[in-house]
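Assemble the whole structure, with the sequences as input and the hints as a guide.
There are 2 protein chains.
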Amino acid sequence: MPREITAYSNPLIKWARDLRDKRHRREARQFLAEGLRILTEARETGRLPSLLFFAKPSAHHPLVQELVRAVEAAGGEAIETTPDILSKLSGKDNPQAVVGVFDEFTSTLAGLDRSSSGIWLVAERLRDPGNLGTILRTGDAVGAGGLILVGECVDPFSVEAVRASMGALFTIPIVRTEWQPFLNWLREGPGQLVGLSLDTDFDYRGARYAAPTFLLTGNEAQGMPSDYAAACDLLVKIPMLGKADSLNAAVATAVMAYEVLAQQGGTTRKA
Amino acid sequence: MPREITAYSNPLIKWARDLRDKRHRREARQFLAEGLRILTEARETGRLPSLLFFAKPSAHHPLVQELVRAVEAAGGEAIETTPDILSKLSGKDNPQAVVGVFDEFTSTLAGLDRSSSGIWLVAERLRDPGNLGTILRTGDAVGAGGLILVGECVDPFSVEAVRASMGALFTIPIVRTEWQPFLNWLREGPGQLVGLSLDTDFDYRGARYAAPTFLLTGNEAQGMPSDYAAACDLLVKIPMLGKADSLNAAVATAVMAYEVLAQQGGTTRKA
Chain A
0 MPREITAYSN
10 PLIKWARDLR
20 DKRHRREARQ
30 FLAEGLRILT
40 EARETGRLPS
50 LLFFAKPSAH
60 HPLVQELVRA
70 VEAAGGEAIE
80 TTPDILSKLS
90 GKDNPQAVVG
100 VFDEFTSTLA
110 GLDRSSSGIW
120 LVAERLRDPG
130 NLGTILRTGD
140 AVGAGGLILV
150 GECVDPFSVE
160 AVRASMGALF
170 TIPIVRTEWQ
180 PFLNWLREGP
190 GQLVGLSLDT
200 DFDYRGARYA
210 APTFLLTGNE
220 AQGMPSDYAA
230 ACDLLVKIPM
240 LGKADSLNAA
250 VATAVMAYEV
260 LAQQGGTTRK
270 A
Chain B
0 MPREITAYSN
10 PLIKWARDLR
20 DKRHRREARQ
30 FLAEGLRILT
40 EARETGRLPS
50 LLFFAKPSAH
60 HPLVQELVRA
70 VEAAGGEAIE
80 TTPDILSKLS
90 GKDNPQAVVG
100 VFDEFTSTLA
110 GLDRSSSGIW
120 LVAERLRDPG
130 NLGTILRTGD
140 AVGAGGLILV
150 GECVDPFSVE
160 AVRASMGALF
170 TIPIVRTEWQ
180 PFLNWLREGP
190 GQLVGLSLDT
200 DFDYRGARYA
210 APTFLLTGNE
220 AQGMPSDYAA
230 ACDLLVKIPM
240 LGKADSLNAA
250 VATAVMAYEV
260 LAQQGGTTRK
270 A
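Protein chains in written order, with numbering that gives the first Met the number 0: chain A, 0 to 270; chain B, 0 to 270.
Because the hints were derived from the structure by calculation, they are not lab data.
What you are looking at is a predicted structure, and each value in this text was computed from that prediction instead of being measured.
Note that beta-carbon positions come from the ideal geometry of N, C-alpha and C, so glycine has one too.
Incorrect hints may appear among the rest.
[What the hints assert, rightly or not] Some chain B residues close to chain A (C-beta under 7 angstroms, calculated; not the full set):
(1) HIS23
(2) ARG24
(3) LEU50
(4) ALA72
(5) THR133
(6) ARG136
(7) LEU233
(8) PRO238
(9) LEU240
(10) LEU246
(11) ALA253
(12) ALA261
(13) GLY265
[Stated by the list, open to error] Below, in silico cross-link-like pairs of lysine-lysine (DSS-like), each with a Cα-Cα straight-line distance of 25 angstroms or less:
(14) B/LYS21 / A/LYS87
(15) B/LYS87 / B/LYS55
(16) B/LYS91 / A/LYS21
(17) A/LYS91 / B/LYS87
(18) A/LYS91 / B/LYS91
(19) A/LYS87 / B/LYS55
In structure tokens form, the structure reads like this:
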């Protein structure tokens with residue numbers, strides 16, 4: 000049976016609320032995800048929160064009841080609380096029906112099966128959590144094998160990144176690594192490293208993307224370092240006709256990824 | 000000569016700071032834009048702030064000096080202030096060198112020249128300011144003729160939208176209108192209305208996009224109403240192979256817009 004907490008001063012509420020803070024999240028190695036859609040998607044991929052907060056008015060929703068049963072069956076705890084407290088946990092005025100506390104999880108390079116997909120996304124020093132989440136969401140949509148984060152990237156478990164991923168955080172593998180280990184791993188097997196660059200005239204539609212293609216997107220403000228660009232098998236540019244000289248990083252990644260997907264026949268993911 | 004304000008309690012600072020608030024912005028019909036890059040881009044398109052705040056440490060930057068001269072020559076006021084006050088104006092910890100207060104401006108349907116571009120972006124009930132700004136940025140990159148906002152959309156002059164647009168707010172026409180006036184205007188001349196939809200199996204790469212193509216993107220959560228979809232000349236779908244059933248609205252718009260651009264030869268904008 001779920002226990003009930005209605006006081007914002009409750010230490011467990013405060014502890015969960017603090018997971019919005021990066022330092023606290025890093026120590027706890029846990030993170031917050033919110034919303035029935037995302038938590039149900041997580042459950043379908045086999046991930047359940049160790050703590051599940053749900054609002055009393057939502058207690059009779061079938062999906063909430065399923066989540067509560069699943070969390071309790073797995074040894075986690077379900078806690079009934081108020082919409083107001085849920086709102087404070089999620090930091091949004093219109094609180095979601097549920098907020099979950101999940102254990103962090105990432106994959107390792109060694110754990111990736113590069114034959115599992117024709118498209119892999121690689122981002123280096125990505126700074127914006129919304130961009131990271133959006134890239135995950137795009138990765139899910141194109142059937143990417145995973146997202147490889149190189150160097151000092153924003154935390155994929157931040158509330159903003161989880162929210163922007165719309166659940167894709169749970170559906171595609173995420174690896175956090177550095178440039179040299181990534182490059183070493185990449186060169187141990189087949190794979191074309193394609194860098195998005197402003198310093199080339201080679202149009203992205205003119206290239207051929209064999210499977211597996213690793214799409215490298217650089218830092219939002221600076222792009223990628225020149226030695227990273229030099230290590231790419233191919234540098235391509237997305238044409239820009241306007242006054243500005245760049246696209247949003249998540250947009251550029253998506254435009255590229257859909258070109259690769261189209262060339263690879265639209266169905267790169269193994270069943 | 001710029002005057003100097005160093006007190007946060009100064010009424011002008013407070014007034015400008017309040018432009019971050021929607022209601023105050025609507026009354027004043029003015030908005031904030033920040034950063035040397037964006038303000039310089041605005042100047043190049045002929046738009047100058049009526050008020051320009053710059054931080055004392057940046058006073059000797061040539062681009063800041065050019066902006067100050069241009070603003071004063073145009074009858075506006077330049078105000079030297081502290082990095083701390085600039086930070087409070089912009090709401091960011093790392094303040095930009097400059098923050099400007101601009102008069103709002105929008106275009107009207109009647110003022111658009113549909114022969115000026117092969118691509119037009121149309122968004123209905125767009126809710127997220129980051130998405131709106133990112134769509135503007137993409138619009139600039141593909142040489143779109145303009146962005147037409149249909150129905151109750153988020154304010155394109157919000158600080159978040161202006162920031163995400165990276166200056167594209169100043170480079171492409173924005174029209175705010177309702178569905179029926181838009182449709183009436185559209186049907187007065189040539190133009191194909193293409194709707195992004197999940198309720199079709201027609202792959203976006205299989206369609207032909209004649210100039211001018213009007214790309215319609217629906218609300219982030221609900222998509223577009225069925226009667227809007229019925230009014231489209233064509234509904235297309237971007238394939239999604241993953242567990243989720245949707246893309247970020249700005250991402251979907253960009254993937255579509257770049258397909259249209261590629262089909263139209265990559266150079267749709269008149270010189």
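Practice problem: Could you check if B/PRO238 really has its C-beta closer than 7 angstroms to a C-beta on chain A? | Solution: holds, 5 angstroms
Self-check item: B/ARG136 as chain A interface residue, shortest Cβ-Cβ below 7 angstroms
Solution: holds, 6 angstroms
Quiz item: Between A/LYS91 and B/LYS87, does the CA-CA distance stay at or below 25 angstroms?
Solution: holds, 22 angstroms
Quiz item: Given the hinted pair B/LYS87 and B/LYS55, is their alpha-carbon gap at most 25 angstroms?
Solution: holds, 15 angstroms
Practice problem: For the pair we were handed, A/LYS91 and B/LYS91, check the Cα-Cα distance against 25 angstroms. | Solution: Distance ~20 angstroms between A/LYS91 and B/LYS91 Cα, so the pair holds.
Exercise. For the hint on B/LEU240, just tell me whether its beta-carbon gets within less than 7 angstroms of chain A.
Key: holds, 4 angstroms
Self-check item: B/LEU233 as an interface hint toward chain A, with CB separation required under 7 angstroms
Solution: Interface hint status for B/LEU233: violated (18 angstroms vs cutoff 7 angstroms).
Practice problem: Closer than 7 angstroms between Cβ atoms is the bar; does B/ALA72 clear it against chain A? Give me holds or violated. | Solution: Interface hint status for B/ALA72: violated (22 angstroms vs cutoff 7 angstroms).
Practice problem: Would you mind confirming whether the straight-line C-alpha gap from B/LYS91 to A/LYS21 stays at or under 25 angstroms? | Solution: holds, 18 angstroms
Quiz prompt | Supplied contact hint for B/ARG24, tested at 7 angstroms Cβ to chain A | solution = At 19 angstroms from the nearest chain A Cβ, B/ARG24 fails the 7 angstroms test, so the hint is violated.
Self-check item: B/THR133 as an interface hint toward chain A, with CB separation required under 7 angstroms
Solution: holds, 5 angstroms
Self-check item: Satisfaction of the B/ALA253 interface hint, Cβ to chain A closer than 7 angstroms
Solution: Because about 4 angstroms separates B/ALA253 from the closest Cβ in chain A, which is inside the 7 angstroms limit, the hint holds.
Of the numbered hints stated above, those contradicted by the structure are hints 1, 2, 3, 4, 7 and 19, listed in ascending order.
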